[in-house]
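Engineer: Chains as they are written, first to last, in this note's numbering: chain W, 1 to 320; chain L, 1 to 259.
Mixed in with the good hints there might be a few duds.
[As the list claims (entries may be wrong)] The following residues of chain W were derived to be distant from chain L, with all beta-carbon distances above 10 Å:
#1 Ile189
#2 Leu200
#3 Ala210
#4 Met218
#5 Ile228
#6 Leu275
#7 Ile309
[Unchecked claim] Derived list of chain L stretches under chain W, where covered just means 3 residues or more per stretch with a C-beta under 8 Å from a C-beta of chain W:
#8 93 to 100
#9 106 to 112
#10 158 to 171
#11 243 to 255
[What the hints assert, rightly or not] Listed below are several chain W residues computed to face chain L (Cβ distance under 8 Å; list not exhaustive):
#12 Ala42
#13 Glu203
#14 Ser219
Hints in this document: simulated from the structure, not taken from any laboratory.
These numbers come from a predicted model, not from an experiment.
Even glycine gets a Cβ: it sits at the ideal position worked out from N, Cα and C.
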Amino acid sequence: MSSTTEREKQAPRPVRRPGDRIFEGLSTSAGILILLTLLGVAIFLTLEGLPGITASADEIGGKTGGKGFFAYVWPLVFGTVWAAVIALLIAVPVAIGVALYISHYAPRRLSATLGYVIDLLAAVPSVVYGLWGLLFLSRELAPFYQWLADNLGFIPFFAGNPSGGVSANSILTASLVLAVMVLPIITAICREIFLQTPRLHEEAALALGATRWEMVRMSVFPYARSGIVSASMLGLGRALGETMAVAMVLSASGIVTFNLIGSTNPSTIAANIALQFPEAFGTFTNVLIATGLVLFVITFAANFAARAIVERRKDFSGAN
Amino acid sequence: MAKSIDVSDLNIYYGDFLAVEGVNITIPAKSVTAFIGPSGCGKSTFLRSLNRMHEVIKGAHVEGKVLVDGTDLYAPDMDPVNVRRLIGMVFQRPNPFPTMSIYDNVLAGQKLNSKKMKKSESDDTVERALRQAGLWAEVKDRLSRPGSGLSGGQQQRLCIARAVAVQPEILLMDEPCSALDPISTSVIEDLIHELKTEYTIVIVTHNMQQAARVSDDTAFFNLAGVGQPGKLVESGRTEKIFSNPDNPATESYIQGRFG
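Same shape as in the complex, but just chain L (with noise of 0.2 Å):
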């Protein structure tokens, strides 16, 4: 199920303007790959160009390939609502639906694919995507509650299993725990650990002692300038890249000189 992603020569615009350019990387399935690098430097971007969100902001494009297990994202005849559907994503703030109980949350996902789908087959979907994301326990009596009654911690992980209801291929997480408290945000990383023998998991995180915990590969971005595209600096096993990264910049990044 989790696959692997090739990305080769990629550089995407918004209109005119590079933001981001020449990006090559391999993203190995059923682990965690981290982004880290200073504000701007275009790791979200490229985050968001993995299942095509970027999209959503006019004018927004890109040259290259992002070949997913092989089939190219971005090929004439890819629907990005079909990419989406293979692709999960979770926000820098949660956002479950407010409209919605917890039990509907979860099942969002499901609905858009239009199967008809029996009670007990919706209330075992439910329960699956909440013990995956580890809400099960705190949850389980308050189905019909609506989503945004939980804590902030409760609301991250209630859109982690709205995102793994689907049993997506790959899951990106866009600085997951960057409005959450430190307790939360150990609760959400052990949950990453846990996902990642199902997923293939990327993740963008300002924080680098997060990246260090969570992932297995890391992929440092920067940016030369103010207005200058953002590139991959360089990309590899989480341990080599905090202890013996090949670029000065990385090294001088990891160390807190800048960012």
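Pulled out of the complex, with its shape left as it was, chain W reads as follows (with noise of 0.2 Å):
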């Protein structure tokens, strides 16, 4: 130990220039504020939500169907998840294809024009979105989803009304909502992506005889695998906490099903306490606060569940 001491005594001590120091302490605290704000949410969701967690079902009143607070937020867990992955499965395809079309397919005036416009979708205030699904989407959906009951209702995501009319307000109109919603985002991140493809790379798979198609495949979706899971997961994020279009669009009602176009649907977390909030008094506010914690922890689960899809793949990402 003592030799250790006399080292450190000895060492000289590094030069620090006021300007490393100052960016130093400027970074470092705007990381530990970020830490620290995340861990003001976390403490405040807990300590009002838990009264709501552990209240029985009398205590909660009749706001909540006369349910207990598991029994209430599994079906909004099931909503909000639901809603979010069918957005996701509807919006991924869409941005690695526009994505592609932008970095590798379309003349460089066209592709500037998409990737501008594309990011304008981002501005576009969430209520705008609600609006739009609720006054004009879903008018202009009503006569497809029709179609898809008559013709596919064999299949429970198409059952449609028990009546066997359909609703509009249903939750795959929610989903389409979500998906232009979140669109931007994977297109923009996905986009920089395949910007970044080595053009060694493109050129091996060129060299033997790879097609424009061939070469994507073999040398731009491997190099960009763990970035299009970041934007899915981006996206996803961005799908579950959306509260107003949700809220404008859906018809809910606290139910679990897998049909898309009925006119009962499940709710969704933020939805659901955007909607409840503002009559909530006494413990349901507790439940309401607690059924946050429950997306917050969703958000987070999903967020970690990306990053370990991204590192199972490591050896083989392109970046060693």
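Combine the two chains into a complex, taking the hints into account.
Structural biologist: Okay, structure coming up:
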């Protein structure tokens, strides 16, 4: 031990310039601030939510329909994940296609314009998407849903209402609106990553006699895989938490169903909080905050899962 | 299998810019032909025009003819994708596909030809190609590891294995040793000697000693000045070009007076 201290004494102190010190302090405190904020949110949700989680059905009152916390939150969790997953299933293929077109197929001038337009989609406020979904999209989609129910009604997803009709204010419409909303972020990230594909790898594929599409499959997609996963997870995070558009479009009732075009749909956590909070009081407020805590945990889990997927194939990632 | 190349009056353009002008050369089958010359003289561009890889850059086009055993590579109905399947290429820096295992890297070209292969057939192809590239002994126990985990010289030999796995007629090498250490370089040079018994090899090199060591024929490219197109100054047997060139510019380049 003594030798270490001696060495420490002898070692000349590295020169520290004021600029370095200031910048290091600034960036360190910025990093800590983020962690503190996150911690603060987590503490608030836990403290305020706990009474809601532990309360019995009687204590909560009639607002949950006589259910305890877990019976109340389960359909909401299902609806949140279900709507977000459908939105991703629609948005990711489209986003990859658009990003690929911009990065590898479009003439240069067109690709710049297209990228700009896609970025603009991200700037539209979500309440506007909600209005669009409610007043335009759902009306336009109704005949298509009817067709789905008539022709594919034997698939549980497209069963429609028991009475035979369909509802356009359904979870599929909400997911479509969500898909449009998460499209820009996924597209933008995918485009950046596709553009970063090393030219060497693209030429390696072309020199073996790959067509353009084969080149994309051999060199661009493998290189971009972890980026596509990250982009999708960012999109998922946004879809999970999106509030206004879902609250406006979806006709919700607290049930669990895989039916995509019926008039009874599971609500999502965020939309449910937005709709219920203005009239909430007492323990029910705690219940709503606890559902927020659940959403917080789900979003975390999604991000960790994405990290794990990216990490698993690290050797083959192209980063080494 | 190996074929000769006849190039007549070839002009190569990038858009309106004439990059290489008036090349006439015959590259014999089953031999090594080296292209030497100062930077920017168009030797790489010319090499890439031999399998139409220069067309990757928008606006690139050629005038003239490139005949491989009588077939014009630039005939209107010739698909560049098919040209590249017949004429393999090895690049300046090793570029194995990082997401693929060593095994899959070797088979990458085979998969493009979308031939369904039995496992035993693919195993044989991989072993044959890796043996030809002199890499089999070093990697046979870790074929499922990523190709990017190999050393630079091994990666380059993996790229050679990938190119010869599809049994091309011609092998183009664009400064294949410029990113390698001297020992790896000498391994690759020995390899080139062995490969020429089966393939027609064209190699671009900055290193005149390398050209002298590996090639049977040498072509010297030069350009008159900045912005001028590159030209083929002279070509012939390597011994002659290095000992008794016809053109004074060739002599001064070889003696290291410029370039």
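Engineer: Compare the structure with each hint and give your call.
Structural biologist: Outcome of the hint check:
no.	hint	verdict
1	Ile189	holds, 19 Å
2	Leu200	violated, 4 Å
3	Ala210	violated, 5 Å
4	Met218	violated, 6 Å
5	Ile228	holds, 13 Å
6	Leu275	holds, 46 Å
7	Ile309	holds, 14 Å
8	93 to 100	holds (count 7)
9	106 to 112	holds (count 3)
10	158 to 171	holds (count 4)
11	243 to 255	violated (count 0)
12	Ala42	violated, 37 Å
13	Glu203	holds, 6 Å
14	Ser219	holds, 7 Å
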